[in-house]
Amino acid sequence: MKRLFKTYLEKPELAGLILLVLLIALFQVRSHGVFLNQDNLRGILGILPEAGLVAIGVTILMISGEFDLSVGSVFALMPMTMAVLMVHGAPFPLALLAGLLVCAAIGLINGYVTIRFAIPSFITTLGMLFMARSLTVVVSGGFPPLLPADLPNWLFTSFVGPGNMFRMSFLWFAAVAVLTSLMLSRTNFGNWIKATGGFLPAAAAMGIPTARVKVVCFMLCSVLSGFAGMLQVLRLGSPLPSIGEGMELQAVASAVIGGASLAGGIGTVMGGIIGTTLIRVIDNGLVLSHVDANWFKFAIGFLTIFAVVANAWMRKRAKAIKMEG
Amino acid sequence: MSDAIISVRNLHKWYSGVHALKGVTLDFRRGEALGLVGDNGAGKSTLINILSGVHRADKGEIQVEGRPVSIATPRDAMALGIETIYQYNSMVPTMSIARNLFIGREPTRFSVLGVGILDQKKMAEESVRAIANVDLHLRSPDALVGELSGGQRQGVAIARAMHFKSKVMILDEPTNHLSVKETNKVIGFVRGLKEQGVTGVFISHNMHHVFECCDRIVAMARGEIVLDKRIEDTSIDEVHGVL
Chain A
1 MKRLFKTYLE KPELAGLILL VLLIALFQVR SHGVFLNQDN LRGILGILPE
51 AGLVAIGVTI LMISGEFDLS VGSVFALMPM TMAVLMVHGA PFPLALLAGL
101 LVCAAIGLIN GYVTIRFAIP SFITTLGMLF MARSLTVVVS GGFPPLLPAD
151 LPNWLFTSFV GPGNMFRMSF LWFAAVAVLT SLMLSRTNFG NWIKATGGFL
201 PAAAAMGIPT ARVKVVCFML CSVLSGFAGM LQVLRLGSPL PSIGEGMELQ
251 AVASAVIGGA SLAGGIGTVM GGIIGTTLIR VIDNGLVLSH VDANWFKFAI
301 GFLTIFAVVA NAWMRKRAKA IKMEG
Chain B
1 MSDAIISVRN LHKWYSGVHA LKGVTLDFRR GEALGLVGDN GAGKSTLINI
51 LSGVHRADKG EIQVEGRPVS IATPRDAMAL GIETIYQYNS MVPTMSIARN
101 LFIGREPTRF SVLGVGILDQ KKMAEESVRA IANVDLHLRS PDALVGELSG
151 GQRQGVAIAR AMHFKSKVMI LDEPTNHLSV KETNKVIGFV RGLKEQGVTG
201 VFISHNMHHV FECCDRIVAM ARGEIVLDKR IEDTSIDEVH GVL
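Residue numbers (the UniProt record's numbering), protein chains in the order written: chain A, 1 to 325; chain B, 1 to 243.
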């Protein structure tokens with residue numbers, strides 16, 4: 001029991017990983033081998049980075065003890081900002097920079113308001129969800145602008161690798177995943193994030209700038225979401241103001257399924273990625289197994305509740321465990 | 001006084017109209033275990049919070065080793081060698097002992113703007129030594145603090161303060177909610193401070209615990225010091241009488 005608890009705290013994503021492997025095996029059998037064939041994998045891996053990047057940001061923010069519901073709206077606002085700037089003649093790099101700055105500013109506002117007024121980030125970012133979505137529609141003027149033809153798709157969405165297995169976006173996603181993972185586990189800043197979310201009074205008493213740590217996590221979350229939105233727009237070829245709706249809840253579900261605790265302090269980047277992959281695999285696998293696709297949301301909902309119940313149970317067991325000294 | 005490690009002079013603090021500290025003047029002597037007692041609202045937490053950088057005094061002066069200092073943040077206090085161990089909030093239960101020992105003071109390799117790669121080897125080695133130094137027997141520095149008992153957590157907190165060579169260790173109600181066995185362990189830690197040349201400030205509601213491990217008693221009531229005596233010159237009854 002003690003070992004199970006330890007494993008859960010050290011590798012909270014393990015349960016999700018086991019479930020993922022089981023589901024892949026199940027879908028592979030049920031779809032008569034179609035699930036793991038090259039074309040289908042290409043499809044899954046092509047869209048995974050978008051939801052995955054959002055989930056990484058949301059997971060890190062949750063580890064720091066906060067919450068972001070505005071990621072879906074930022075996901076739409078960032079590429080819309082870029083598109084509008086490019087229509088007015090701005091070159092791609094400048095538009096990209098401006099878009100990312102808008103995201104960083106939104107993260108800064110989310111963090112500042114939450115901490116300055118000591119209100120739940122659930123409320124701050126719920127407000128931001130509406131505001132950022134509204135801004136997206138306003139700046140687009142109601143009509144999605146036409147993207148220029150000479151976009152650097154080779155850098156973001158082109159297929160690469162053996163058998164053209166991956167899109168470039170997957171490499172960006174992998175790079176961000178590795179970097180954020182290392183940041184969380186190998187740097188002092190990662191230590192501060194976990195301490196801030198794990199037990200705020202202790203972190204503050206030990207001199208960690210907890211407010212700054214949280215604001216940085218808010219900003220990272222917004223920037224990653226906006227970047228992910230841009231990847232989707234480049235893939236689809238058109239900046240629709242409605243993209244990313246409902247994404248915030250799927251990202252939270254990903255983080256939670258991957259073992260992140262809503263109370264903060266527990267979770268890993270890998271967990272968020274496994275959670276996202278699980279959701280994408282279910283989405284795709286249900287279709288391939290000829291199950292009515294409307295069961296998709298049911299499955300995600302069930303998994304999320306299951307994950308949180310399991311987490312809560314583990315924590316309760318953990319309280320009962322004490323080490324002899 | 002020459003042997004004072006911390007001197008506070010005429011310290012005042014108001015909390016939205018409430019005069020919580022009314023001109024407190026006190027010397028904490030080197031190597032002494034000082035017991036700070038008083039009822040809730042007597043001002044002892046306010047005094048401690050000022051020394052540990054959680055609050056700032058509205059008036060008055062603090063000297064550390066004879067030099068006037070300004071303590072604005074917990075970091076300032078720690079840099080001056082003043083370490084505070086709180087009843088609950090000194091450890092993050094979801095993190096390992098090794099990680100907890102170095103929170104906020106992590107050894108890093110090539111850091112940029114204060115952020116860098118953790119030196120995990122150093123953290124593991126030093127935490128083993130730090131824990132052994134306070135005579136705490138734990139299986140591994142990788143154990144989670146959430147797995148430890150209350151007394152062991154206080155032990156780790158004390159090991160941390162020792163490791164960072166603090167000169168003054170403030171223990172805020174360290175024996176609350178502990179079993180008798182665990183309490184004795186913590187009292188043992190406080191006694192051990194003197195051998196290491198560390199000044200201990202022990203805050204407690206429990207007069208018996210204070211009398212068991214301190215050299216000197218300072219009692220506070222209504223924001224003022226009402227008694228300041230060597231332990232051999234006073235009794236539990238006398239202290240109760242002035243509170």
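No lab work stands behind these hints: they were computed from the structure. Glycine residues also receive a C-beta, built at the ideal position from the N, C-alpha and C atoms. Any given hint might turn out to be false.
[Unchecked claim] Derived Cβ-Cβ restraints for the label pairs, each shown as a range:
1) A:306 - B:39: 17 to 25 Å
2) A:201 - B:113: 20 to 28 Å
3) A:37 - B:113: 18 to 26 Å
4) B:177 - A:42: 17 to 25 Å
5) B:79 - A:127: 52 to 60 Å
6) A:309 - B:191: 40 to 48 Å
[Said to hold, decoys possible] Which chain B residues face chain A? A few, computed with CB under 8 Å, are given here:
7) 22
8) 106
9) 192
*Could you work out which earlier hints the structure fails to respect and list their numbers in ascending sequence?*
1, 3, 4, 5, 7, 9
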